[in-house]
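The sequence shown begins at 1 in the UniProt record's numbering and counts up one residue at a time.
Honestly, the hints are just simulated from the structure, not real lab data. For glycine and all other residues, C-beta sits at the position ideal for the given N, C-alpha and C. Among the hints, a few may not be true.
As the list claims (entries may be wrong) - Pairwise CB distance ranges (calculated):
no.: 1; residue 1: Ala226; residue 2: Lys64; range: 28 to 34 Å
no.: 2; residue 1: Glu196; residue 2: Pro527; range: 52 to 58 Å
no.: 3; residue 1: Asp141; residue 2: Asp494; range: 47 to 53 Å
no.: 4; residue 1: Asp500; residue 2: Glu286; range: 18 to 24 Å
no.: 5; residue 1: Val523; residue 2: Glu196; range: 55 to 61 Å
no.: 6; residue 1: Lys117; residue 2: Asp238; range: 35 to 41 Å
no.: 7; residue 1: Arg357; residue 2: Gly514; range: 14 to 20 Å
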Amino acid sequence: MRLTYTSDLWWKNAVIYCLDVETYKDGNGDGIGDFRGLTQQIDYLAGLGVTCLWLMPFYPTPNKDDGYDITDFYAIDPRLGTLGDFVEFMRTAHDRGLRVIADLVVNHTSDQHPWFKEARKSKDSPRRDWYVWSDKPEPDDPSMVVFPDKENSIWQYDKGSGQYYLHSFYKHQPDLNVANPEVRDEIARILGFWMELGLSGFRVDAVPFLIENVEPKLADPHEFLADLRAFMTRRKGDSILLGEVNVPYKELLGYFGDGLGDQVTMCFDFIGMQSAWLALARGEAEPLAAALKARPRPPKDCQWATFLRNHDELTLDKLTDEERQEIFQAFGPEKDMQIFGRGLRRRLPAMLGGDLRRIKMAYSLLFSLPGTPVLFYGEEIGMGENLDAEGRMAVRTPMQWSSEGGFTMAEPVRKMPDGPFGPDRVNVADQKRETDSLLRWIQLLIERYRECPELAWGRHTVLDPGTPHVLAHRCDADGASVIALHNLGRTAEDVELKLDGLENYRLTDLLVDGTTEVSDKGVVRLPLGPHGCRWLRASPAEVAPEDASVKSDDSFTHPRRR
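Modelling step: build the complete structure from the supplied sequences, incorporating the hints.
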């Protein structure tokens with residue numbers, strides 16, 4: 001039976017673009033990005049083809065952790081503008097058809113937040129139980145220290161009240177206690193406030209820490225996530241929670257809701273990401289192929305968010321020490337490129353040595369993976385990192401709009417990289433004029449991804465290409481099929497595939513012009529150049545290639561709920 005499709009679950013085949021307002025575009029000439037500057041670039045983002053903007057924290061902050069140390073969850077950092085500027089930005093984004101989600105950072109607050117200032121006054125403070133305290137905490141488990149280069153404990157003694165408070169991250173970020181019903185109610189109010197101003201959802205920071213590092217321990221930690229999801233659905237039926245959940249697949253499924261899909265709407269595929277980097281380091285597909293085979297199908301209405309880089313370090317914590325060292329050796333051999341002993345503080349283009357063919361293949365791989373792709377700002381033009389910046393700030397440099405920088409008319413507060421990845425060589429203005437630029441390639445990938453809902457909705461199958469250097473996978477949905485091939489190796493490869501059910505079909509190239517016939521035995525032979533990539537749509541041979549494409553995502557989006 002043919003399924004009926006609707007567009008209510010927009011996130012299933014969205015293209016998410018993460019940006020930091022502070023580093024995207026300066027609209028008032030003070031050297032700091034702001035909402036006015038971001039609003040000026042909405043047409044660029046819409047033209048790129050992204051469908052959802054993910055905003056990193058924009059709330060008032062002492063700025064000891066790039067905005068993740070928050071002092072007011074109901075306001076805009078004055079450096080970035082006003083609530084009026086935010087509303088104007090939201091209106092413009094919605095006018096161009098863009099949805100917006102924002103970071104929900106409620107695992108902790110800044111120690112300068114009024115709640116914590118009140119809580120630490122005394123053990124009898126009304127807000128005391130909004131945080132987690134202990135007279136004598138258990139000895140630290142070193143694995144629980146998230147930032148071992150900055151902290152040696154997750155407990156900090158508070159002289160004023162004579163107890164220790166829990167901080168899963170930095171000592172200036174005391175953990176909120178969601179075991180307290182008042183805290184849970186306040187978090188719901190925060191969500192409701194920003195949803196009233198137009199947000200379509202939230203990327204939830206550090207989800208396991210949020211529900212597990214509480215006192216007393218919750219009988220069912222996931223009940224809180226289900227309550228949040230239910231609250232959001234009542235307020236706005238198509239809103240989402242995108243979870244930062246870096247745990248093994250078996251544990252991660254519970255964050256979707258134990259098969260019900262009633263908790264986190266989407267989860268980042270950290271396992272797939274780390275396996276992809278191991279595959280790129282080796283030039284062999286097996287690590288990523290194994291991850292795709294092992295990755296469970298999420299519950300109905302849920303989705304995987306796929307990515308290769310994000311705003312944090314490139315974490316490799318789920319790999320073995322030997323595997324991690326392989327990636328370090330290939331992509332970050334120098335100590336200042338590494339961080340926390342478990343990751344890299346580099347951007348993808350620099351890690352791949354600026355090799356445009358390899359970079360294009362890597363992003364083609366990202367967009368072809370089953371799920372919803374997530375881009376970090378500047379990836380579309382191949383920005384590099386600034387290793388002179390501290391820690392993870394190396395990858396959070398100002399957006400490079402022109403050969404002069406184009407981010408601000410003043411001196412930028414954050415320094416841009418120089419050398420081969422400086423703005424004089426990597427910028428939006430130049431790449432708009434180049435037909436073979438990375439920017440144009442990303443635009444093409446986004447367009448093709450949106451035309452291939454099988455990649456988001458379908459069931460994926462890892463194929464045997466007959467060579468260890470090529471990842472071949474197939475996505476099928478509603479009788480339509482797309483096959484993707486990616487050569488991770490440095491030499492040309494001839495691939496032979498057995499495509500069951502596609503005997504005598506025609507394969508139409510989606511990234512370049514051309515067609516290939518499948519034999520009556522379902523076998524097809526396909527050449528791939530070094531770091532080559534191909535997306536192929538299958539259609540009966542009697543169907544002309546121009547008729548073989550699937551309808552746009554407006555009509556092919558999701559099986560309607562029954």
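For each hint, the structure was consulted:
1. The hint said 28 to 34 Å for the Cβ distance between Ala226 and Lys64, and at roughly 33 Å that hint holds.
2. With their beta carbons about 55 Å apart, Glu196 and Pro527 fall inside the hinted range of 52 to 58 Å.
3. The hint said 47 to 53 Å for the Cβ distance between Asp141 and Asp494, and at roughly 51 Å that hint holds.
4. Between Asp500 and Glu286, the C-beta spacing of about 22 Å keeps the proposed range 18 to 24 Å intact.
5. Checking the proposed 55 to 61 Å range against Val523 and Glu196 shows it holds: the Cβ atoms sit about 57 Å from each other.
6. At about 38 Å, the beta-carbon gap between Lys117 and Asp238 stays in the expected band of 35 to 41 Å.
7. A beta carbon spacing of about 18 Å between Arg357 and Gly514 agrees with the range 14 to 20 Å that was offered as a hint.
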